[in-house]
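Let chain X serve as the given structure and place chain Z with the ligands on it in line with the hints.
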Amino acid sequence: MNSLLTSAVAGLSAGGAYAILGVCAIFNYRLVAVVNFTGAAIGAAGTFVMVALYEAGFPLAVDVVAGVAAGALAATLIGLVMTTWFAGSSASTKAAVTAALLVGIIAVGLRLTGGQHPHNFPEIVAGSAFRLAGVEVTRASVLTIAISVLFTVLTEMFLARTRMGLQLRALSQRPMAAELIGIRVKLLALCVWAVMGAVTSFALMVIAPLRSPDFMSISLLVVPALAAALIGAFTSFRAALVGGLMIGVIEGLASGLDAFSQYRGAIPFVVILAVLLWSQRGARWDEAR
Amino acid sequence: MTLLEVKGLIVNRSGVPVVRGIDLVARSGEISVVLGSNGAGKTTTLEGLSGIIPASGEIVLDNASIAGASAGKRARAGLRHVEQGRTVFPEMTTEENLKVALHPDASLGEAYELFPELVQRRDVKAGMLSGGEQQMLVIARALVGRPKVIMVDEMSSGLAPVVVNRLMSGVRKLADGGMAVVLVEQFATLALGIGDRAYVLRRGQVVYDGGCAELARDPKRLHHLYLGDSVQAG
Ligand SMILES: Nc1ncnc2c1ncn2[C@@H]1O[C@H](COP(=O)(O)OP(=O)(O)OP(=O)(O)O)[C@@H](O)[C@H]1O
Ligand SMILES: [Mg+2]
Numbered sequence: 001m002n003s004l005l006t007s008a009v010a011g012l013s014a015g016g017a018y019a020i021l022g023v024c025a026i027f028n029y030r031l032v033a034v035v036n037f038t039g040a041a042i043g044a045a046g047t048f049v050m051v052a053l054y055e056a057g058f059p060l061a062v063d064v065v066a067g068v069a070a071g072a073l074a075a076t077l078i079g080l081v082m083t084t085w086f087a088g089s090s091a092s093t094k095a096a097v098t099a100a101l102l103v104g105i106i107a108v109g110l111r112l113t114g115g116q117h118p119h120n121f122p123e124i125v126a127g128s129a130f131r132l133a134g135v136e137v138t139r140a141s142v143l144t145i146a147i148s149v150l151f152t153v154l155t156e157m158f159l160a161r162t163r164m165g166l167q168l169r170a171l172s173q174r175p176m177a178a179e180l181i182g183i184r185v186k187l188l189a190l191c192v193w194a195v196m197g198a199v200t201s202f203a204l205m206v207i208a209p210l211r212s213p214d215f216m217s218i219s220l221l222v223v224p225a226l227a228a229a230l231i232g233a234f235t236s237f238r239a240a241l242v243g244g245l246m247i248g249v250i251e252g253l254a255s256g257l258d259a260f261s262q263y264r265g266a267i268p269f270v271v272i273l274a275v276l277l278w279s280q281r282g283a284r285w286d287e288a289r
Numbered sequence: 001m002t003l004l005e006v007k008g009l010i011v012n013r014s015g016v017p018v019v020r021g022i023d024l025v026a027r028s029g030e031i032s033v034v035l036g037s038n039g040a041g042k043t044t045t046l047e048g049l050s051g052i053i054p055a056s057g058e059i060v061l062d063n064a065s066i067a068g069a070s071a072g073k074r075a076r077a078g079l080r081h082v083e084q085g086r087t088v089f090p091e092m093t094t095e096e097n098l099k100v101a102l103h104p105d106a107s108l109g110e111a112y113e114l115f116p117e118l119v120q121r122r123d124v125k126a127g128m129l130s131g132g133e134q135q136m137l138v139i140a141r142a143l144v145g146r147p148k149v150i151m152v153d154e155m156s157s158g159l160a161p162v163v164v165n166r167l168m169s170g171v172r173k174l175a176d177g178g179m180a181v182v183l184v185e186q187f188a189t190l191a192l193g194i195g196d197r198a199y200v201l202r203r204g205q206v207v208y209d210g211g212c213a214e215l216a217r218d219p220k221r222l223h224h225l226y227l228g229d230s231v232q233a234g
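First to last, the sequence lines map onto chains X and Z.
Here the first sequence is numbered in my numbering, starting from 1 and rising by one per residue.
Here the second sequence is numbered in my numbering, starting from 1 and rising by one per residue.
Check the hints yourself; a few may be wrong.
As the list claims (entries may be wrong) - Keeping only pairs whose Cα atoms sit at most 30 Å apart, straight-line, the calculated BS3-like set for lysine-lysine is:
| hint | chain 1 | residue 1 | chain 2 | residue 2 |
| --- | --- | --- | --- | --- |
| 1 | Z | K99 | Z | K220 |
| 2 | Z | K220 | Z | K125 |
| 3 | Z | K220 | Z | K73 |
| 4 | Z | K125 | Z | K148 |
| 5 | X | K94 | X | K186 |
| 6 | Z | K148 | X | K186 |
| 7 | Z | K125 | Z | K99 |
| 8 | Z | K125 | Z | K173 |
| 9 | Z | K99 | Z | K148 |
| 10 | Z | K73 | X | K94 |
| 11 | Z | K173 | Z | K99 |
| 12 | Z | K125 | Z | K73 |
| 13 | Z | K173 | Z | K7 |
| 14 | X | K94 | Z | K7 |
| 15 | Z | K125 | X | K186 |
| 16 | X | K186 | Z | K73 |
| 17 | Z | K148 | Z | K7 |
| 18 | X | K186 | Z | K99 |
Just so you know, these hints were derived from the structure itself, not from any lab.
This one's a predicted model, so the numbers in the text were calculated from it and none came from an experiment.
Bound-form chain X, shown alone (with noise of 0.2 Å):
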């Protein structure tokens, strides 16, 4: 019993990034309409632009801020693509480019970064916050899981009370009759992109050192991300922030118990097919009636 408590925390801290990375997959899809499979790999290029930094012997502050600038400058390129060449295709042609792009750059990325060449990742923030069921708690799960609560926090009452948060919520009701008040519709979303590149990068510098550090594996934390954010249907920010803590927790508890320890990478997509059929079971009671 205990030691399964015990695997549950160590969930925690890839669940914080889970959360994150969710709570970012729904900025996207609320704000600028696209159900975005590279979220993780900006991250990811932002993370590897603080690394090269870093082995090449800047100061770690400076690393950190190139490569969250690094980030929302790739994030910024991909929404150009979006915006210049997609803006009025549906949903699923939207989605389908952007996996499409993510295949280009992990691609692109494992080739600069050199596959699977082990780096030297400077731990951002280092140690221990807090013992809980005898297991470490890191210092960077603990701030994971804190940029997640503030993003959304930030994010809620940014879009409530300000009048670029009134300008974004319009232009994602109605991107025509948006553009057509005026509202400067190409600015504002490539502003949520940027916004975006940012905070994913940021989170997964601080969270790159606990996991595989590799472009591929980082890169494909949208997996998880995705999830999450169906767990919030695409909407709400809180449910896809305590879904992806859950997930990470399920992966502990599953890491902990040994017939299932293999397959714990198989635990996301057994949360999106549960999440789609439960949606489906709605959907077809609709329909029967």
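Relative to chain X, chain Z with the ligands alone:
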């Protein structure tokens, strides 16, 4: 004063020319009514003018050409297109719908003065408003952007006559305040009653360009303009 001058407007849809060389002017203080039967090209004309779909021809807004500009730029230059179908932002309240469009020099009071009905509904989500209220909202939303020219597409469709009268008098007020209004309607009588200048479109071309009053006095001619030669026998 001429605020919008259009010459030789051509708009294609799926490669087919739908608007075929239209000339049109809208003057400050006037309502230009654009009439025509289903599929005549009225909506396509407005969409070409506001930049929703590409168009060729001259479009001059207050002495500046806007023909090459994006929809957003045209809007910021002072052209408002109120689309058919009451495109409110449904998840935002009435007041938020107005605020998001508010020009720095304008005030929400102007919107509520035009349509006092909206005051009571200010905190209601726009998606929950009645059709008439939504139509008032999209017109008021255009007004608070301080445009020079406002183009309204089919504002009366599906609404009760009382509501339509209410909207028509609102639009008249906008023109009286100095704006140039382009009013697209399928049902002519009311529009001709409040309008100054009329255009009748048929198959993408202007077949009448003249006074509203003249046309209103001659229903037979209007009928003929709408339907063309094809039904002369009837
Ligand atoms: N996407 C499209 N592709 C091809 N043709 C189109 C398209 N949309 C509209 N059309 C055609 O363009 C013509 C003009 O349509 P438009 O909507 O401008 O007419 P309208 O005068 O606004 O009619 P209504 O009174 O029904 O609103 C019609 O013949 C229509 O069939
Ligand atoms: Mg129409």
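Margin query: Output the indices of the hints that this structure fails to meet, ascending.
Written below: 1, 2, 3, 14
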